[in-house]
Amino acid sequence: MAGSVDPIVIIIVAIYLIAVVVIGYYSRVRLKSAMDYYVAGRRLGSIVNGLALESTYLSPASMLGLPAFIFLLGYPFWWAMVAIICGMPLATLLTASALRKYAPVSFADYYADRYGDERLRWWIGIIVIVGTILYITLSLVGMALFMVAILKMPYFIALVIGTIITMFYVVYGGMIATSWNAAMQALVMSFAAIIAAIAIVWQLGGLEGVYIAAEKSYARIWNSPANAPEVSHIFTGTWIGVIGWYFVWHLGFATMPYTVVRFFTVMDIKTARRSIFWCALIAGAFYVSLQLIGITAKYMIEKSHPIAVAAGGNMSATAVLASIQRTYGIGTVTDYSMIAAVEALGNPVILGILCAGGLAIAMSTAAGWAVVVNTVIARDWMVKLLKSKKAEEKPILYGRIVAFIFLLISFIIAIQPPALVLDLSGWAFIVIICSIGPGLILGLWWKRATKAAMWFTAIVMFVVSMIAWMRAYFILGHHARFFLNDIIFGNPNALITPHQIWTVPLGFILFIIVSLLTKPPEEERVQKYCVELTKEV
Amino acid sequence: MIIGDGMPWPPKVFWVGLLLIYGTAVLGWLMEATIRMNKIPTAAIWYTAIWGTFLLPVIVSVLYFYFPEKADEKRAKEKKEVK
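Quick note, the sequences are listed as chains A and B, same order.
Quick note on our numbering: the first sequence kicks off at 106 and runs consecutively.
Quick note on our numbering: the second sequence kicks off at 69 and runs consecutively.
If you are wondering where the hints come from, they were derived from the structure by calculation, not from laboratory data.
Hints may contain errors.
[Claimed, not checked] Per label pair, the in silico range of CB-to-CB distance: (1) A/Ala-415 to B/Trp-83: 27 to 35 Å; (2) B/Trp-114 to A/Phe-579: 40 to 48 Å; (3) A/Leu-622 to B/Ile-108: 49 to 57 Å; (4) A/Pro-597 to B/Ile-108: 31 to 39 Å.
Glycine residues also receive a C-beta, built at the ideal position from the N, C-alpha and C atoms.
Using the sequences and the accompanying hints, generate a full structural model.
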């Protein structure tokens with residue numbers, strides 16, 4: 106099956122794509138104003154918004170990247186997934202309710218208004234651009250991998266087709282279309298992962314079978330840092346590593362622009378709170394499924410993947426993936442492990458549903474980020490800062506041009522991705538959370554938060570986190586290493602996964618120190634943002 | 069002005085949810101570090117996946133809309149009575 110196109114898979118994916126076009130067309134009829142394009146006219150209900158939140162927030166970094174990381178790092182990585190889903194309810198009372206009460210149009214509106222400086226839109230925009238490029242790149246990589254699974258074509262051609270489909274989807278929708286489609290996509294992708302996980306658990310004979318199969322594939326797979334030195338992987342072999350993974354995405358839901366803007370699209374504060382319940386419910390089931398697929402992927406590939414079976418059952422999972430890599434020219438082949446595990450089930454219906462779910466998650470994430478970036482550039486930069494009359498008169502046209510440019514840039518990077526999809530996502534999280542997360546959360550919950558602290562933290566932490574990631578990646582050989590390991594400890598592996606451990610707290614500490622050292626904000630501003638918005642959330 | 073003095077403070081239910089979430093993580097890590105709970109067959113599937121990833125966030129998100137909505141209703145009722 107790894108080498109042949111299955112018509113059942115194609116039919117299921119075609120049905121999904123037709124549904125996307127129908128919903129997109131119906132939504133486009135309702136796209137009448139710039140407000141519809143940016144914030145869906147603020148008329149989404151809790152279920153639609155909750156599902157849209159899920160499919161936007163959970164990208165191919167979740168669907169492909171998390172099982173791939175479990176495949177590589179073993180069970181301790183499950184804790185990172187606990188943190189991601191548990192971060193969702195925390196956002197309800199931390200940012201979602203207050204921001205819905207405030208009801209801005211753009212992510213940067215809050216910063217410009219709260220800190221009384223329109224120029225902040227420039228810097229926020231630059232940070233958002235970095236996140237956008239990383240996320241649209243990983244979405245296109247994910248899209249291409251699923252296209253490889255569907256059509257058994259070379260990765261590059263799959264990437265071209267995937268990018269064209271995403272371009273049509275993003276450029277023609279705006280927030281109103283992407284919201285309805287994203288809601289449908291949440292159901293498709295969650296159903297896809299759940300059905301694949303059930304099939305695997307069923308085939309292995311229940312949860313006990315899952316535990317045993319995983320252990321058979323790799324004796325240390327269930328080991329935690331407590332089982333040192335026999336840890337499952339060096340990156341999850343220390344408590345600092347496990348706790349670090351736990352916190353990297355934990356605050357993301359409350360502070361990442363592509364989720365925060367979805368708090369603006371709901372009808373009211375009550376709907377904002379309830380939408381997170383729906384999001385956590387479906388996303389939780391989706392994640393448990395990914396945990397089960399990831400932990401059994403090695404066993405499934407080695408025992409049942411057509412390539413392993415053809416080789417007489419004596420092929421390691423890594424060798425199977427390497428063979429797929431050679432055949433289709435895939436750059437980040439470990440990301441394919443989740444698809445390969447489902448291919449091993451030998452059921453084209455489940456593979457078809459999974460591929461439809463994979464396309465769904467990739468398109469919805471790319472679309473969510475495209476709307477964020479074109480709001481920042483076409484509205485915040487061009488209309489608000491540069492006072493462009495043309496951009497003001499034709500906001501949707503300019504938004505589409507911006508989305509097109511970013512898809513093109515991301516396409517070029519996706520040809521040879523610099524890292525696994527989850528690495529790219531983790532990088533975006535670290536950069537954004539540590540540089541603008543403190544200003545968002547403390548701007549609401551701390552009266553003393555000042556404009557100087559906002560500027561200082563946003564600039565310093567953005568630069569520091571970018572340098573740290575790139576130094577670890579290019580000089581020490583892996584981004585998960587502390588970037589000064591060689592200088593301080595003389596050993597590149599001395600500290601593992603510490604970016605998030607130090608960058609996020611450092612961002613908050615810097616913000617607090619600079620706030621205390623600088624002139625307090627005006628009482629009127631404090632009253633509006635720290636008292637009115639946080640009252641009765 | 070640094071802390072207190074009319075500072076905004078999340079409602080009590082926020083801290084309950086926070087305690088449940090971080091309590092689960094810390095307790096899980098402690099149990100793994102002391103009694104190697106992760107090596108008990110299927111235990112990790114129950115406490116990390118089914119409880120930690122699915123049930124816990126759903127329960128906390130219910131708490132986070134149920135109690136604020138109750139408080140909203142109470143305030144609306146009090147406002148009506150005052151009028």
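The hints, checked one at a time:
In this structure the hint that A/Ala-415 and B/Trp-83 lie 27 to 35 Å apart at CB is violated, the actual value being about 57 Å. Remark: the range hint 40 to 48 Å for B/Trp-114 to A/Phe-579 is upheld by a beta-carbon distance near 41 Å. Separation of A/Leu-622 from B/Ile-108 is about 51 Å and conforms to the stated range, judged on CB atoms against 49 to 57 Å. Checking the proposed 31 to 39 Å range against A/Pro-597 and B/Ile-108 shows it holds: the Cβ atoms sit about 35 Å from each other.
Against the hints set out earlier in the document, a violation occurs for number 1 only.
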